[in-house]
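Q: Listed below, chain by chain, are the residues.
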Amino acid sequence: MAGPRGALRLSSRVECRLLTGCGATLRLTSLNPMRKVFPMSNLQKSVQNGVNVEALLGARAALTQAPEAAQFKWRATSEWLNGTHSRTTIAGFHGLGAEQKHRQSYQYDTDHPEIFASEDNGPTPVEYMLVGLAGCLSAGIAAVAQNRNIQLRTVKATLEGGMDIQGILGIDEKVRNGFDGIKVHYEIDADATPEQIAALVAQSQKRSAVFDILTNPTDVHVTVSKV
Amino acid sequence: MIATRAPRRSVASIDAIVVGGGPFGLAMSQALSARALEHVVLERGEVGHAWRTERWDSLRLLTPNWMTRLPGHAYDGADPHGYMSAAELARFLSAYAAKIAAPVLTGTAVWHVTPQAGGYRVATNRGDWHARAVVLASGAFSQPVVPRVADALPADVEQLTAHAYRQPAQLRDGGVLVVGASATGLQLAQEIHASGRQVTLAVGEHVRMPRIYRGRDIQWWLLAAGVLDQRIEDLDDPERARRVPSPQLAGTPERATLDLNTLRQQGVTLVGRLMGVRDGKAQFSGSLRNVCALADLKMSRLLDLFDDWAHQRGIDDEFEPPQRFAATEIGGPPKLGSALGHDIRTVVWATGFRPDHSWLDVPVFDRHGQLMHDRGVVRAPGLYVLGLPFLRRRKSSFIHGAEDDVHELAAHLAAHLDRTRPAQVNLSVAA
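Protein chains in written order, with the numbering used here: chain A, 7 to 233; chain B, 4 to 434.
Please keep in mind that the hints were generated in silico from the structure rather than gathered at the bench.
Some hints could be false.
Below, a list of computed lysine-lysine pairs in the BS3-like style, where the Cα atoms sit at most 27 Å apart [as the list claims (entries may be wrong)]: (1) B/284 with A/212; (2) A/189 with B/102; (3) A/107 with A/79; (4) A/180 with B/284; (5) A/180 with A/212; (6) A/180 with B/338; (7) A/162 with A/212; (8) B/284 with B/338; (9) A/189 with B/284; (10) B/338 with A/212.
Note that the structure is a prediction, hence the values are computed from the model and not measured.
Work out the full structure: start from the sequences and follow the hints.
A: Shown next as structure tokens:
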């Protein structure tokens, strides 16, 4: 234990900050094995996308040796305010074997729009799913680009989740409550070929936590206590 | 073949024991004989047992016949560009064993290998041995890997692994879910679909390759461009490289490409990775598009590599012009669920294989149960392993990959025997 813990402590602050963005960035070295034979043509030394790849690779190596430190708990607390309006607070989380804190706490209001006879004090909860997906995929794109020495200039995403609200309104039992599909379109300006840019976006999806959460089933356990 | 017999009561002592009389065990035997090292090959059945008994009926090698060679022995038949069936390979191995006079003890199952002073005790159904070195060559594909989600399937759904599968007639009528999109999964999906059953193929990450590229077998390109000779120590992520599934290939007389587009056009339903079972429904991942995009991109990079290789050597003219293949089309939005027991009555697991080293009572396994070794040199003196995916090179689990690996590991083994040889030979060493 002493070895891996020691290694983690050295740079845990950097790793924490980076890991907070999204789980997408944890596995950065899954490079195309052909690269050794056929290095990419656009290798540059000065690429800067603002991602500390060395720290991430260090975290990956350290956590391979200390898998218990890789167990994270992401947390939120929420309070109903009125009507469809709630406020959710994000402050701390657990990871690297200890309680961790964000630089500051963050608050998010959710509500329904006025066409639903609500006050529209914030985005709908389903729109926050798009926030999470966009944030996660773009973080992954930046990290993978950094690791592949690709300089990004602009990364813009447009997201759309389709939903038949006959589901949530209980009109038709055959219609699901959630999205019937999500479309994400990226417009990316970078020093790379279209194929290399496509590969960035594909690799980001492959390692994205939110993409996984949305595409695969998750066990959700809700309990309640009377106060 | 020398019919050496292990004595039943006393313990026979020998320099080296090779466990497994398949291509790798025989190749190692040849390499040990070339160094005049005393050894036996223990084989639970006949030579090439797994190829005779543990493969589906239509299986053919993924490599063309001209590539099928072992040290001192190569295919010399009339169809160098064809692909051997399992039975043909078994005959090839028998001929090889005879040619090299391999000291194979057939019908000899290894029960336990345990550390013992100066080496290992090898317990078999036909008596015990003491060996100063042991080579594990019992195969990389001995046991099917079945994901945990199998436990959640309803009892009325029949389950079968690719290991137990032989032919479609074995399956009951009704829909079949094939899980896994490696060579195995695609071949089984195609064959079962052709038998008149509705087939759904669950597709996770996979490796797409055309059978023929610019007029040559894809294996020719992989070999010529040096990809198959890539060494594990030169890779950024060796662990991942060892987990890469086998490429989507089939060895048919037509030398046809077998990919997801072919299967979809034939009527196979493509879905994402099988992620869970809930309310009697199989749940498939919504990531199908992306795993296909990843495989398409990776294939294009591989073909780029071949084109560049040919161009740099100035031999472009020797081949047909460069080709690019249509992106994988999944049709409309993929199905995210299927009713088990109704749409799907049988699940065929084509989710990979692993070696069976359960008889190895030596503390050489990590916490995941993986054998700890450095390119075949197991973390216990005098213990070696062969034939695992990317053991030393990308070709290590291919039959033609045996030669280079056994050459190097036999040298290591010989040095170990030299270093540890007792000053005086003590015949009662096993007492």
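Q: Confirm or reject each hint.
A: Each hint, compared with the structure:
1. B/284 with A/212: holds (25 Å)
2. A/189 with B/102: Status violated; Cα separation ~62 Å.
3. A/107 with A/79: Holds, because 12 Å separates the two Cα atoms, which is no more than 27 Å.
4. A/180 with B/284: holds (15 Å)
5. A/180 with A/212: With a Cα-Cα distance of about 31 Å, the restraint between residue 180 of chain A and residue 212 of chain A is violated, given a limit of 27 Å.
6. A/180 with B/338: Holds, because 15 Å separates the two Cα atoms, which is no more than 27 Å.
7. A/162 with A/212: holds (19 Å)
8. B/284 with B/338: holds (12 Å)
9. A/189 with B/284: holds (25 Å)
10. B/338 with A/212: holds (20 Å)
Violated hints, in rising order: 2, 5; the structure is consistent with all others.
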